[in-house]
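Chains P and W, in that order, give the protein sequences. Read the first sequence against our numbering and you will find it ends at 246, with the numbers running on by one and no gaps. Read the second sequence against our numbering and you will find it ends at 199, with the numbers running on by one and no gaps.
A hint or two may mislead.
Below, a list of computed lysine to any residue pairs in the SDA-like style, where the Cα atoms sit at most 25 angstroms apart [as the list claims (entries may be wrong)]:
no., chain 1, residue 1, chain 2, residue 2
1, W, Lys129, W, Asp104
2, W, Lys84, P, Ile104
3, W, Lys11, P, Arg139
4, P, Lys26, P, Arg78
5, W, Lys129, W, Tyr25
6, W, Lys84, P, Gln13
7, W, Lys84, P, Asp80
8, W, Lys28, W, Tyr136
9, W, Lys11, P, Thr14
10, W, Lys11, P, Asp22
11, W, Lys11, P, Pro86
12, W, Lys11, P, Val17
13, W, Lys11, P, Glu90
14, P, Lys26, P, Ala61
15, P, Lys26, W, Gly7
On the chain W side, residues computed to face chain P include the following (Cβ under 8 angstroms) [said to hold, decoys possible]:
no., residue
16, Pro3
17, Arg6
18, Gly7
19, Val32
20, Leu33
21, Ala35
22, Pro37
23, Thr38
24, Pro39
25, Thr71
26, Gln194
27, Tyr196
It is worth saying that the hints were derived from the structure and are not from the lab. From the three backbone atoms N, C-alpha and C, an ideal C-beta is built for every residue, glycine too.
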Amino acid sequence: MAGTAVRGRLSWQTATVGPVTDETAKVRTLRLEVPDWPGHRAGQHVDIRLTADDGYQAERAYSIASAPGEPLAITVERLDDGEVSPYLTEDARTGDQLEVRGPIGGYFVWEEDSGGPLLLAAGGSGIVPLRAIVRERSRAGSSVPVRLLYSSRSWEDVIYSSEFGLPPGGVEVIYTLTRSQPRMWQGYARRVDNQMLAEVAWPASERPLAYVCGPTSFVESVAAGLVGLGYPAGRVKTERFGATGQ
Amino acid sequence: MSPVSRGFRRKREAAPAGRVPPGQYVTKDFPVLSAGPTPHTPLSTWTFSIDGGREPMSWTWEEFRALPAETLTTDIHCVTRWSKLDTAWQGVSLDVLLGMVDYDARYVLAFSDGGYTTNLPVADLLGGKAWVAFDYEGAPLGAEHGGPARLLVPHLYFWKSAKWVRGLQLRDTDVPGFWENYGYNMYGDPWREQRYAGD
Numbered sequence: 001m002a003g004t005a006v007r008g009r010l011s012w013q014t015a016t017v018g019p020v021t022d023e024t025a026k027v028r029t030l031r032l033e034v035p036d037w038p039g040h041r042a043g044q045h046v047d048i049r050l051t052a053d054d055g056y057q058a059e060r061a062y063s064i065a066s067a068p069g070e071p072l073a074i075t076v077e078r079l080d081d082g083e084v085s086p087y088l089t090e091d092a093r094t095g096d097q098l099e100v101r102g103p104i105g106g107y108f109v110w111e112e113d114s115g116g117p118l119l120l121a122a123g124g125s126g127i128v129p130l131r132a133i134v135r136e137r138s139r140a141g142s143s144v145p146v147r148l149l150y151s152s153r154s155w156e157d158v159i160y161s162s163e164f165g166l167p168p169g170g171v172e173v174i175y176t177l178t179r180s181q182p183r184m185w186q187g188y189a190r191r192v193d194n195q196m197l198a199e200v201a202w203p204a205s206e207r208p209l210a211y212v213c214g215p216t217s218f219v220e221s222v223a224a225g226l227v228g229l230g231y232p233a234g235r236v237k238t239e240r241f242g243a244t245g246q
Numbered sequence: 001m002s003p004v005s006r007g008f009r010r011k012r013e014a015a016p017a018g019r020v021p022p023g024q025y026v027t028k029d030f031p032v033l034s035a036g037p038t039p040h041t042p043l044s045t046w047t048f049s050i051d052g053g054r055e056p057m058s059w060t061w062e063e064f065r066a067l068p069a070e071t072l073t074t075d076i077h078c079v080t081r082w083s084k085l086d087t088a089w090q091g092v093s094l095d096v097l098l099g100m101v102d103y104d105a106r107y108v109l110a111f112s113d114g115g116y117t118t119n120l121p122v123a124d125l126l127g128g129k130a131w132v133a134f135d136y137e138g139a140p141l142g143a144e145h146g147g148p149a150r151l152l153v154p155h156l157y158f159w160k161s162a163k164w165v166r167g168l169q170l171r172d173t174d175v176p177g178f179w180e181n182y183g184y185n186m187y188g189d190p191w192r193e194q195r196y197a198g199d
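Make the full structure from the sequences, and use the hints.
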């Protein structure tokens, strides 16, 4: 539980939207050019602040999608009743300005010396900080074995599908598609359950480290399932996205 | 001076004046945020203890539930920016619990199942401002929201309202708890937007 104290004041910095990439119909990755970005660790997040021309401001937190040392990028899912995510996924264009503050968080973080083997479990856009972890593993030249269990509604909703289509050596990506599947789909086609975890997760005897990120119901069931498989609670790190209109 | 984000406009209704701290928005959901799996401690082994006073104190679940409880309705504010208005709780006031302890400490470190801790000044727990809550909206507090009992300190950001709370350690000095060690604010006043260290 020992943490690295982050004691400097985090100030807002102006960011310029760089290249944007549409990942799915509802999900976009935005590169953010921040002149004095202090760097970040895989799994951390940032606060984003938007200002309207009448002075109204809205702030939200987003997971960082890029590895340390890569340009800062966030991947945002549009929530239709949201205020910030529709702007970021539909309106924001390269060259637009917003503000960013961070990096934030130090618990849901993986670094090379955190070790493994790693079990990464993502529900929907919960994949974002886990993608940063997979990229950091490659960047650091780590050979820690990784199993990534990634639950999406359908193949069209899978984020980073081309990147995970050719995963780096030692990284296994296991998909489950909960709502609809392509014809001839051979993978899992149901919500993550204890049987699936027993098939996919590293045995507890290998002292794995688990990172679980997604909606609350996903995280609750996966985290409880891993504890049921003998994972110590302290080796299961969770990050949850509430359905809060973010 | 913040740069204008071209084309960004308010979409949410303005919150009731003076009701919602800066940077927060109102939600009707009750989002869940925690760092690890949800612990499930049976009531038969649950205790609430206060250490660091002249005598250590501890209550079993039955003893705790026999203490006078209050019902209250309050607004809660999470550092992740949601606020929830008019939440209804039942719990034992910290005035009652700390009133049974002889101590002169100025700070506490609250501790929970799962290893979570958070630090608070004693003054913020007294005077009808803090409870150990066991009932939410008329039903036993669910495990995902911190049941069987959580700290409820609604005038501070909600991470100070430790879920699955099992006791308080009275201390002469203020030491950071779990999130505070990861850069979150030592005090956490939402009205001053004390989200992170140095705010």
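Hint by hint, here is what the structure shows:
1. Pair hint Lys129 (chain W) plus Asp104 (chain W) holds up; C-alpha atoms about 19 angstroms apart against a cutoff of 25 angstroms.
2. Taking the CA atoms of Lys84 (chain W) and Ile104 (chain P), the gap is about 23 angstroms. The hint holds against a cut of 25 angstroms.
3. Restraint check: the Cα-Cα separation between Lys11 (chain W) and Arg139 (chain P) comes to about 40 angstroms, which exceeds 25 angstroms; the hinted pair is violated.
4. In summary, the hint linking Lys26 (chain P) to Arg78 (chain P) is supported, as the alpha carbons are separated by about 5 angstroms, within the 25 angstroms threshold.
5. Between Lys129 (chain W) and Tyr25 (chain W), the direct Cα distance comes to roughly 23 angstroms. Compliance with the 25 angstroms bound is thereby established for this hinted pair.
6. Using a Cα cut-off of 25 angstroms, the hinted pair Lys84 (chain W) and Gln13 (chain P) is violated, with the two alpha carbons roughly 29 angstroms apart.
7. Distance hint between Lys84 (chain W) and Asp80 (chain P) is fulfilled; the C-alpha atoms sit about 20 angstroms from each other, no more than 25 angstroms.
8. With a C-alpha separation of about 14 angstroms, the suggested pair Lys28 (chain W) and Tyr136 (chain W) falls inside the 25 angstroms cut-off, and the hint holds.
9. For the hint linking Lys11 (chain W) to Thr14 (chain P), the alpha-carbon distance of about 23 angstroms falls within 25 angstroms, and the restraint holds.
10. Only pairs whose Cα atoms come within 25 angstroms are accepted, and Lys11 (chain W) paired with Asp22 (chain P) is accepted, the gap being roughly 23 angstroms.
11. Restraint check for Lys11 (chain W) and Pro86 (chain P): the C-alpha separation of about 10 angstroms stays at or below 25 angstroms, so the hint holds.
12. A threshold of 25 angstroms between alpha carbons decides the hint, and for Lys11 (chain W) with Val17 (chain P) the separation of about 21 angstroms falls inside it, so the pair holds.
13. Between Lys11 (chain W) and Glu90 (chain P), the direct Cα distance comes to roughly 14 angstroms. Compliance with the 25 angstroms bound is thereby established for this hinted pair.
14. Annotation: proposed proximity of Lys26 (chain P) to Ala61 (chain P) holds, straight-line Cα distance about 18 angstroms (limit 25 angstroms).
15. About 19 angstroms separates the Cα atoms of Lys26 (chain P) and Gly7 (chain W), which keeps this hinted pair within 25 angstroms; it holds.
16. With its C-beta approaching chain P no nearer than about 4 angstroms, Pro3 (chain W) sits inside the 8 angstroms limit, and its interface hint holds.
17. For Arg6 (chain W), the interface hint holds, the least distance from its beta-carbon to any beta-carbon of chain P being 5 angstroms, beneath 8 angstroms.
18. Interface hint at Gly7 (chain W): satisfied, since its Cβ lies 5 angstroms from the closest Cβ of chain P, which is below the 8 angstroms cut-off.
19. For the restraint placing Val32 (chain W) at the interface with chain P, the shortest Cβ-Cβ distance is roughly 4 angstroms, inside the 8 angstroms limit, so the hint holds.
20. Checking Leu33 (chain W) against chain P by beta carbon gives a least distance of about 6 angstroms; that is within 8 angstroms, so the hint holds.
21. Here the hint on Ala35 (chain W) is kept, as its CB sits about 5 angstroms from the closest CB of chain P, short of 8 angstroms.
22. Hint status for Pro37 (chain W): holds, given a least beta-carbon distance of 4 angstroms to chain P, under 8 angstroms.
23. The interface hint given for Thr38 (chain W) holds, since its Cβ lies 6 angstroms from the closest Cβ of chain P, which is under the 8 angstroms cut-off.
24. Taking 8 angstroms as the C-beta contact cut-off toward chain P, the hint placing Pro39 (chain W) at the interface holds, the least distance being around 7 angstroms.
25. Taken as an interface hint, Thr71 (chain W) does not check out: its beta carbon lies about 25 angstroms from the nearest beta carbon of chain P, beyond 8 angstroms.
26. Taking 8 angstroms as the C-beta contact cut-off toward chain P, the hint placing Gln194 (chain W) at the interface is violated, the least distance being around 11 angstroms.
27. Restraint check, Tyr196 (chain W) versus chain P: the minimum CB separation of about 5 angstroms is within 8 angstroms; hint holds.
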